[in-house]
Amino acid sequence: MQAPFERPAPPAAKWDWEIEARTSWWGASLAEYWSYRHLLVGLVRRDFLLGYQQTILGPLWVLLQPIMTMLTYVVVFGKVVGISTGGAPPVLFYLAGIVLWNLFNDAFTGTSSTFSDNAHIFSKVYFPRLLMPVARLLGYLLSFGIQFGFLLLLLVGYWVFTPWRVPPVAGLPLALVALVLVSVQSLALGLLFSVLTGKYRDIRFFVGLGTRLLMFLTPVIYPLQHVAPKWRWLMELNPLTSQFELFRWALLGQGLVTTGQVLYSLAVTVVLFAGALLTFNKQGDKLMDVV
Amino acid sequence: MADIAIQIENLSKLYRLGTIGTGSLRQDVQRWWTTAVRKKADPYFQLDANAKGSTQALWALQDVSFEVKQGEVWGLVGHNGAGKSTLLKIVSRIVRPTSGTVRGRGRISSLLEVGTGFQPELTGRENIYLSGYILGMSKVDIRLRFDEIVAFSGIERFLDTPVKRYSSGMYVRLAFAVAAHLEPDILILDEVLAVGDAEFQKKSLGKMREVSQSTGRTILFVSHSMQAITNLCSKGVWLQNGRMKAIGSATDVVNQYLSDTQQSNLHQSWDAPATAPGNDLIRFKKVAVVPQLAALDAPLDIRTPLTVQFEFWNQTDDILISTSLVLFASSGECIFDVPSTAVVCQAGVVRGECTIPGNFLNDGSYYISLFVVKDTSVALFDFENCLSFELEDYRGDIKWYGKWWGAVRPLLPFRLTQVETAVY
Numbered sequence: 000m001q002a003p004f005e006r007p008a009p010p011a012a013k014w015d016w017e018i019e020a021r022t023s024w025w026g027a028s029l030a031e032y033w034s035y036r037h038l039l040v041g042l043v044r045r046d047f048l049l050g051y052q053q054t055i056l057g058p059l060w061v062l063l064q065p066i067m068t069m070l071t072y073v074v075v076f077g078k079v080v081g082i083s084t085g086g087a088p089p090v091l092f093y094l095a096g097i098v099l100w101n102l103f104n105d106a107f108t109g110t111s112s113t114f115s116d117n118a119h120i121f122s123k124v125y126f127p128r129l130l131m132p133v134a135r136l137l138g139y140l141l142s143f144g145i146q147f148g149f150l151l152l153l154l155v156g157y158w159v160f161t162p163w164r165v166p167p168v169a170g171l172p173l174a175l176v177a178l179v180l181v182s183v184q185s186l187a188l189g190l191l192f193s194v195l196t197g198k199y200r201d202i203r204f205f206v207g208l209g210t211r212l213l214m215f216l217t218p219v220i221y222p223l224q225h226v227a228p229k230w231r232w233l234m235e236l237n238p239l240t241s242q243f244e245l246f247r248w249a250l251l252g253q254g255l256v257t258t259g260q261v262l263y264s265l266a267v268t269v270v271l272f273a274g275a276l277l278t279f280n281k282q283g284d285k286l287m288d289v290v
Numbered sequence: 000m001a002d003i004a005i006q007i008e009n010l011s012k013l014y015r016l017g018t019i020g021t022g023s024l025r026q027d028v029q030r031w032w033t034t035a036v037r038k039k040a041d042p043y044f045q046l047d048a049n050a051k052g053s054t055q056a057l058w059a060l061q062d063v064s065f066e067v068k069q070g071e072v073w074g075l076v077g078h079n080g081a082g083k084s085t086l087l088k089i090v091s092r093i094v095r096p097t098s099g100t101v102r103g104r105g106r107i108s109s110l111l112e113v114g115t116g117f118q119p120e121l122t123g124r125e126n127i128y129l130s131g132y133i134l135g136m137s138k139v140d141i142r143l144r145f146d147e148i149v150a151f152s153g154i155e156r157f158l159d160t161p162v163k164r165y166s167s168g169m170y171v172r173l174a175f176a177v178a179a180h181l182e183p184d185i186l187i188l189d190e191v192l193a194v195g196d197a198e199f200q201k202k203s204l205g206k207m208r209e210v211s212q213s214t215g216r217t218i219l220f221v222s223h224s225m226q227a228i229t230n231l232c233s234k235g236v237w238l239q240n241g242r243m244k245a246i247g248s249a250t251d252v253v254n255q256y257l258s259d260t261q262q263s264n265l266h267q268s269w270d271a272p273a274t275a276p277g278n279d280l281i282r283f284k285k286v287a288v289v290p291q292l293a294a295l296d297a298p299l300d301i302r303t304p305l306t307v308q309f310e311f312w313n314q315t316d317d318i319l320i321s322t323s324l325v326l327f328a329s330s331g332e333c334i335f336d337v338p339s340t341a342v343v344c345q346a347g348v349v350r351g352e353c354t355i356p357g358n359f360l361n362d363g364s365y366y367i368s369l370f371v372v373k374d375t376s377v378a379l380f381d382f383e384n385c386l387s388f389e390l391e392d393y394r395g396d397i398k399w400y401g402k403w404w405g406a407v408r409p410l411l412p413f414r415l416t417q418v419e420t421a422v423y
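Protein chains in written order, with numbering that gives the first Met the number 0: chain G, 0 to 290; chain P, 0 to 423.
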């Protein structure tokens, strides 16, 4: 027998990476996420460009869609059914609700199919999987930004041309709080459901049905103050409720919200998001065998 | 001592078979109950070798271990379903192994498919950036190599046209161009060179060679072209049913693989005339193709001279017999029909032998029929498809890997001479 010429590498030798059977709770390291930042921007850009490819009106649809929904609501709920919007002008009331609800609805539905939609890419190349849903969310936030800008313009218009008064500007940062909480909640639910829809495709139908039902449990088309007090607890269980009320209170000065409810919503959001993120990372790699 | 770039240790991967439906939810609940609540072994997914034959699971990889040193180019060979792609997917971090570890140093880029992340609606320019990002390039990398990528792909005029309007050839060229300009420490390639036309294949293989030789990059490479493997790779692994069958220098591994897989029928013989193929006049005793090889385990390639030997029982006295050797390509096309000399034979055993020289046939599969004739005009017996063999390609120094044309590839005296030098 000949003595081997090569000795095994010294145990102190450091490896750059290691792949094992165990999946990690953390997904990728922060440094790794940072190295993929260009991909994130590229994906947001792709989603945005794709949404309006080969359309005549292009990105104008970002505004047209909520405006048309708002007009429908004003006519149906405001005029025909006669649901009160509290003190706020119906146009502003519905638009504020629609814009925030669209963000939640789109981001949740859009991210909940992450694995089934991207199976063809995920099965061919590695990058931190979290980039895909985050890029989706950022894309919807971009649309939201444009719609929100339009809402602010309308607000100023109403302030100048009608006797209606806007609430103090100091409340505006609270709208930001609502925005952050709603987007994090939508992402968290999306991550959680993407794992489920990746394995069991039927869950997709629940997502569609669930969001539609949830909309009626959230004060989108009616103010919370018009809900009979004995049912309000049910509404307040929904962590989205206080955010919609807060959003409208900050912008239109009309809403029913307490600090306690906001803190409750915050706590739910944090717990939900942490759980969703860990599940997504832990289950994501295993899902690649079945998607 | 060269640094180890990838260390693969006892790697195994088990896939569950069957579809996911209502039944699988019940299974999932059962698995969760036994493993998480009762802390017992997984009823459906046991990590023992017995699972191999079961219908529930399939070992795509089993106990694979090897080390890749920095700068080495490794080729993976094996049949479809042998586990080559699974191995690449695990090393690329796309799927997790069931057990075992892969450790490595340096940045990995994997190219398991040409055009991953291409978005048909976007323009060529946008797709170069997007697919570059997906493959792990930075914005600066892409910007630096943008012109090079465009020049390599040859689609300058269509840069701002959506990729969906490209011809499939242009699409593939652009996609490969992006990938070819990746500069990771470790590159993982799965059969990506099999796309595009012959000219583009040549160009991409040239690029591959340049990348592997000049920059000392570590490459793991899967291909069904043995020619490409022996030319590009220094080391090789042969996988069969998820296990390592051979490991060593690329040429050795490829030779072992080829001689194992050649679908040949090189030898047939019969003990008694009663069971032998034939008729009342002629019965075959033995047919054989005997390759004249230097080594026993070497594969048959186009350089190998082949001797066809046969014996038959002749039942008639004083009969003028001749035999034709008819060689067919796998397509059924006849390559040649060579008659023997005619000989007057008595009842008994008659032997024939004919040598097909080396460096004469093209690579491919062939089969032989033997046709026995009386008085050089009357058919006695046609022994159809009695032998078959396969010839591997061999090209020596020729750096072109497309399919070689022609039914034959004879080595003819062919010389180039310079008769005049230009004076400027």
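In case anyone wonders, no lab produced these hints; they're calculated from the structure.
Among these hints, one or two may not hold up.
[What the hints assert, rightly or not] Dumping the calculated DSSO-like pairs for lysine-lysine here, alpha-carbon to alpha-carbon at most 30 angstroms:
| # | chain 1 | residue 1 | chain 2 | residue 2 |
| --- | --- | --- | --- | --- |
| 1 | P | K202 | G | K123 |
| 2 | P | K163 | P | K206 |
| 3 | P | K373 | G | K123 |
| 4 | P | K206 | G | K123 |
| 5 | P | K284 | P | K234 |
| 6 | P | K244 | G | K285 |
| 7 | G | K281 | G | K123 |
| 8 | P | K285 | P | K373 |
| 9 | P | K285 | P | K138 |
| 10 | P | K202 | P | K398 |
| 11 | P | K138 | P | K202 |
| 12 | P | K202 | P | K163 |
| 13 | P | K163 | P | K68 |
| 14 | G | K13 | G | K281 |
| 15 | P | K402 | P | K206 |
| 16 | P | K244 | P | K285 |
| 17 | P | K373 | P | K402 |
| 18 | P | K163 | G | K13 |
| 19 | G | K123 | P | K163 |
| 20 | G | K123 | P | K68 |
| 21 | P | K402 | P | K234 |
| 22 | P | K244 | P | K138 |
| 23 | P | K201 | G | K13 |
| 24 | G | K123 | P | K285 |
| 25 | P | K138 | P | K163 |
| 26 | P | K244 | P | K402 |
| 27 | G | K13 | G | K123 |
| 28 | P | K285 | P | K68 |
| 29 | G | K123 | G | K229 |
| 30 | P | K244 | G | K229 |
| 31 | G | K198 | G | K78 |
| 32 | P | K138 | P | K234 |
| 33 | G | K13 | G | K285 |
| 34 | G | K13 | P | K202 |
| 35 | P | K138 | G | K123 |
| 36 | G | K123 | P | K244 |
Quick rundown of the hints versus the structure:
1. K202/P / K123/G: holds (24 angstroms)
2. K163/P / K206/P: holds (26 angstroms)
3. K373/P / K123/G: violated (64 angstroms)
4. K206/P / K123/G: OK: K206/P and K123/G at ~22 angstroms, within 30 angstroms.
5. K284/P / K234/P: violated (44 angstroms)
6. K244/P / K285/G: Holds. K244/P to K285/G sits at ~28 angstroms (cutoff 30 angstroms).
7. K281/G / K123/G: holds (19 angstroms)
8. K285/P / K373/P: holds (20 angstroms)
9. K285/P / K138/P: It is violated: about 69 angstroms lies between the C-alpha atoms, which goes past 30 angstroms.
10. K202/P / K398/P: Holds - the C-alpha atoms of K398/P and K202/P are around 10 angstroms apart, at most 30 angstroms.
11. K138/P / K202/P: OK: K138/P and K202/P at ~26 angstroms, within 30 angstroms.
12. K202/P / K163/P: OK: K202/P and K163/P at ~24 angstroms, within 30 angstroms.
13. K163/P / K68/P: With a Cα-Cα distance of about 41 angstroms, the restraint between K163/P and K68/P is violated, given a limit of 30 angstroms.
14. K13/G / K281/G: holds (25 angstroms)
15. K402/P / K206/P: At roughly 19 angstroms apart (the allowed maximum being 30 angstroms), K206/P and K402/P satisfy the hint.
16. K244/P / K285/P: violated (34 angstroms)
17. K373/P / K402/P: violated (41 angstroms)
18. K163/P / K13/G: Judged against 30 angstroms, a Cα distance of about 45 angstroms means the pair is violated.
19. K123/G / K163/P: Holds. K123/G to K163/P sits at ~20 angstroms (cutoff 30 angstroms).
20. K123/G / K68/P: holds (24 angstroms)
21. K402/P / K234/P: holds (24 angstroms)
22. K244/P / K138/P: violated (42 angstroms)
23. K201/P / K13/G: Violated. K201/P to K13/G sits at ~39 angstroms, over the 30 angstroms cutoff.
24. K123/G / K285/P: violated (52 angstroms)
25. K138/P / K163/P: holds (24 angstroms)
26. K244/P / K402/P: holds (28 angstroms)
27. K13/G / K123/G: holds (28 angstroms)
28. K285/P / K68/P: Cα-Cα ~51 angstroms, so violated.
29. K123/G / K229/G: violated (54 angstroms)
30. K244/P / K229/G: Outside the cut-off at roughly 74 angstroms; violated.
31. K198/G / K78/G: Outside the cut-off at roughly 45 angstroms; violated.
32. K138/P / K234/P: The given pair, whose Cα atoms are some 34 angstroms apart, is violated under the 30 angstroms limit.
33. K13/G / K285/G: OK: K13/G and K285/G at ~27 angstroms, within 30 angstroms.
34. K13/G / K202/P: Not satisfied, since the Cα-Cα distance of roughly 38 angstroms exceeds 30 angstroms.
35. K138/P / K123/G: holds (21 angstroms)
36. K123/G / K244/P: Since the Cα atoms of K123/G and K244/P sit roughly 26 angstroms apart, the hinted pair holds (cutoff 30 angstroms).
The earlier numbered hints that this structure contradicts are 3, 5, 9, 13, 16, 17, 18, 22, 23, 24, 28, 29, 30, 31, 32 and 34.
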